[in-house]
Amino acid sequence: MSQAEAQKRADRIRAFREELRTLEAEGILALADEQKQRVARHHDETLRRLSRAFDIDTTEAQKQMSWGMRIASFLGALALCASVYLFFYRFWGLFGTAAQVTLVVAAPILALLGTEFAARKERTLYIAGIVGLVAFGCFVLDLVVLGTVFNIAPSPRAFLPWAAFGFILAYTYGLRILLAAGILSLAGWLSATMGTWSGCYWLSFGERPENFFPAALVLILIPLLPHRAYRDFLPIYRIFGLLGVFLPILVLANWGEISYLRVPNARVESLYQIAGFAVSGVAIWLGIRQRHREVTNLACTFFVIYLYTKFFDWWWDWMPKYLFFFILGSIAVGLLLLLKKLRTVSLKGAA
Amino acid sequence: MRRLGPLIACALLLLTNTVVLVGVAYNRRGEPEARLVLTERELRLGYEEKENTGLWLRLDTADVERWAAAGPVWFDQKKLEEIGFDCAVPPADPTAELFYEKALPRRLYAVLEFDGEAWKSWIARRQQEILNPAPGTYVSQTLEQRQKQLEAERIGHSRLFVVDVGLDPVALRGRYPDRSRFVVTGAVARLRLERSWDEDTKKWKDTRLEGSVSEILPSEIHVPLDRRKVLDEVRQAQLKKENPIGWIDYGGYAAYLQGPPRYRVTLSYGRRLEPWIDDVQPLATPAAPGG
Chain A
1 MSQAEAQKRA
11 DRIRAFREEL
21 RTLEAEGILA
31 LADEQKQRVA
41 RHHDETLRRL
51 SRAFDIDTTE
61 AQKQMSWGMR
71 IASFLGALAL
81 CASVYLFFYR
91 FWGLFGTAAQ
101 VTLVVAAPIL
111 ALLGTEFAAR
121 KERTLYIAGI
131 VGLVAFGCFV
141 LDLVVLGTVF
151 NIAPSPRAFL
161 PWAAFGFILA
171 YTYGLRILLA
181 AGILSLAGWL
191 SATMGTWSGC
201 YWLSFGERPE
211 NFFPAALVLI
221 LIPLLPHRAY
231 RDFLPIYRIF
241 GLLGVFLPIL
251 VLANWGEISY
261 LRVPNARVES
271 LYQIAGFAVS
281 GVAIWLGIRQ
291 RHREVTNLAC
301 TFFVIYLYTK
311 FFDWWWDWMP
321 KYLFFFILGS
331 IAVGLLLLLK
341 KLRTVSLKGA
351 A
Chain B
352 MRRLGPLIAC
362 ALLLLTNTVV
372 LVGVAYNRRG
382 EPEARLVLTE
392 RELRLGYEEK
402 ENTGLWLRLD
412 TADVERWAAA
422 GPVWFDQKKL
432 EEIGFDCAVP
442 PADPTAELFY
452 EKALPRRLYA
462 VLEFDGEAWK
472 SWIARRQQEI
482 LNPAPGTYVS
492 QTLEQRQKQL
502 EAERIGHSRL
512 FVVDVGLDPV
522 ALRGRYPDRS
532 RFVVTGAVAR
542 LRLERSWDED
552 TKKWKDTRLE
562 GSVSEILPSE
572 IHVPLDRRKV
582 LDEVRQAQLK
592 KENPIGWIDY
602 GGYAAYLQGP
612 PRYRVTLSYG
622 RRLEPWIDDV
632 QPLATPAAPG
642 G
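Line by line, the protein sequences are chains A and B.
Following my numbering from start to finish, the first sequence increments by one per residue and tops out at 351.
Following my numbering from start to finish, the second sequence increments by one per residue and tops out at 642.
There's no promise every hint is true.
[Claimed, not checked] Label-pair restraints from in silico Cβ distances: (1) 117(A) with 449(B): 55 to 65 angstroms; (2) 97(A) with 483(B): 44 to 54 angstroms; (3) 558(B) with 270(A): 21 to 31 angstroms; (4) 270(A) with 443(B): 26 to 36 angstroms; (5) 591(B) with 294(A): 51 to 61 angstroms; (6) 90(A) with 571(B): 11 to 21 angstroms.
[Stated by the list, open to error] Part of the chain A face toward chain B, derived, beta carbon under 10 angstroms: (7) 43; (8) 46; (9) 94; (10) 112; (11) 116; (12) 147; (13) 153; (14) 164; (15) 169; (16) 171; (17) 203; (18) 254; (19) 258; (20) 261; (21) 278.
No lab work stands behind these hints: they were computed from the structure.
Every value quoted in this text rests on a predicted model; they were computed, and no experiment measured them.
Ideal Cβ placement from N, Cα and C applies to all residues, glycine included.
All chains, please: the whole structure from these sequences, using the hints.
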């Protein structure tokens with residue numbers, strides 16, 4: 001069982017207790033005292049066990065605090081990475097080449113040891129997450145500095161060990177922030193490789209947003225692999241995979257000249273506008289059907305963005321602004337009703 | 352995974368660093384692939400950041416694009432096809448603009464010539480342009496001012512020119528065997544459709560494909576601590592002259608060095624065409640004008 005699954009079980013127990021109280025108050029259900037005590041004892045014991053093993057939140061107040069701690073640890077990790085980077089560049093000119101190399105090689109190893117130490121000492125893994133991201137940042141710094149010191153031309157191959165390091169830390173400690181770092185590195189490598197296959201210099205891969213599509217497809221397919229102990233990782237893959245599809249489509253729907261397609265720009269833009277609506281529509285349907293909330297939410301957001309950017313192109317210049325916003329609002333309401341209908345149909349189908 | 356993870360991560364760190372450092376050792380093993388003695392004209396001090404104590408030199412290669420526009424246009428369609436650009440659509444074809452605006456830069460190898468024929472023909476052309484401008488050209492400076500400008504370019508301009516490009520560094524070295532004058536290095540090239548508008552016929556004319564080297568890889572050369580002494584003295588002298596705000600411009604953003612060079616650098620290129628600085632010496636007296 002992962003920490004996320006343990007947390008889900010604790011949430012279910014809390015919801016069950018609340019619902020039982022409501023049913024008793026409404027006179028629908030009245031358990032015998034002996035039954036009530038047996039259930040309560042079982043739940044207390046389960047919560048204690050889960051809390052001991054995973055340091056989960058057993059009350060609503062604890063849960064709210066956890067969100068704050070998660071945000072604080074993420075910001076702290078980013079700030080510490082920036083600090084390590086700036087600290088190194090502030091003093092590296094005072095060291096000889098051997099000392100520079102020793103420092104940058106040793107830094108990620110020391111941070112890795114720190115991550116392991118923090119993970120053993122603290123079950124919530126907030127500190128381990130911070131130190132883990134610092135280890136990742138140190139590894140990035142390591143290869144960048146070696147490249148600079150020895151005048152090595154930049155290469156997309158550096159993304160591969162960074163991705164591997166991010167994934168190893170993520171799967172070792174169950175850290176989603178490191179998973180995101182690994183995913184970004186992997187997407188960088190796949191997209192740059194795609195660019196070089198098409199013949200361009202790898203640093204120009206961003207000039208053709210279609211280069212991101214294969215990486216996005218890989219990320220979307222990864223959740224099909226067994227992930228029994230890491231079920232809370234699956235939404236992260238789906239989110240980054242969908243972003244790898246939706247964002248390039250958004251760019252290409254507005255700037256056709258940066259597409260690989262050698263057809264007039266207006267036609268490229270029209271093609272990607274249609275693709276945007278089609279892909280987000282399918283993703284909304286799939287998200288509802290598969291009960292992947294993150295897929296539905298992200299697809300809905302981009303569907304609306306595609307729609308609004310199109311309306312802006314068509315109407316902003318000639319339509320009165322009050323009418324423009326009235327139409328946007330009306331369409332949002334219409335979209336809401338449509339999604340509601342789709343949801344009802346989908347739930348009936350699932351039943 | 353929980354027990355093995357940290358060990359695998361540590362092994363990955365060590366392996367990656369080993370691969371990089373073995374590559375560095377391989378690059379510097381044996382005789383350098385090329386060794387040039389350049390001056391501040393070709394290797395200008397990089398700008399200084401307030402919170403960065405590192406130091407680098409910028410390899411200043413004369414702009415191929417500009418040179419090709421006025422000199423021998425060697426980077427033509429044939430050369431572009433040789434290095435892998437798709438030039439299937441004739442430049443005058445109506446679909447050429449759409450076709451060639453999609454061409455992306457390509458990674459290749461470039462040959463840099465130091466203080467050779469390219470430099471001599473460039474400075475001769477500048478002399479002609481500055482002192483004997485073509486009839487009808489607007490000239491705002493006096494003859495004396497133009498002579499000063501020519502002299503400044505003669506003693507400050509980089510003498511490093513890109514003279515050829517290709518996909519095979521060994522074949523390029525075979526064509527340019529002088530390792531003290533020619534460097535084969537990584538580069539990035541771009542294609543562009545060149546043409547001019549004819550007002551009389553209301554049509555494009557002189558339509559052709561041209562290539563240009565947009566980047567030399569690497570063009571920023573790191574200066575190790577044991578080679579910094581002379582350069583730090585130059586920087587200190589510069590600091591006394593100016594009031595730096597954030598970073599200091601050493602003339603690196605002008606088209607050429609504003610004054611005589613103050614140091615000489617021995618730059619070597621290894622087996623993987625990665626450069627390093629072998630030696631830095633001060634230049635006590637202004638170098639004799641080139642050309």
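Results for each hint:
no. : hint                                   : result
1   : 117(A) with 449(B): 55 to 65 angstroms : holds (59 angstroms)
2   : 97(A) with 483(B): 44 to 54 angstroms  : holds (51 angstroms)
3   : 558(B) with 270(A): 21 to 31 angstroms : holds (29 angstroms)
4   : 270(A) with 443(B): 26 to 36 angstroms : holds (29 angstroms)
5   : 591(B) with 294(A): 51 to 61 angstroms : holds (60 angstroms)
6   : 90(A) with 571(B): 11 to 21 angstroms  : holds (19 angstroms)
7   : 43                                     : violated (28 angstroms)
8   : 46                                     : violated (23 angstroms)
9   : 94                                     : holds (6 angstroms)
10  : 112                                    : holds (6 angstroms)
11  : 116                                    : holds (5 angstroms)
12  : 147                                    : holds (8 angstroms)
13  : 153                                    : holds (4 angstroms)
14  : 164                                    : holds (6 angstroms)
15  : 169                                    : holds (6 angstroms)
16  : 171                                    : holds (6 angstroms)
17  : 203                                    : holds (8 angstroms)
18  : 254                                    : violated (17 angstroms)
19  : 258                                    : holds (9 angstroms)
20  : 261                                    : holds (8 angstroms)
21  : 278                                    : violated (24 angstroms)
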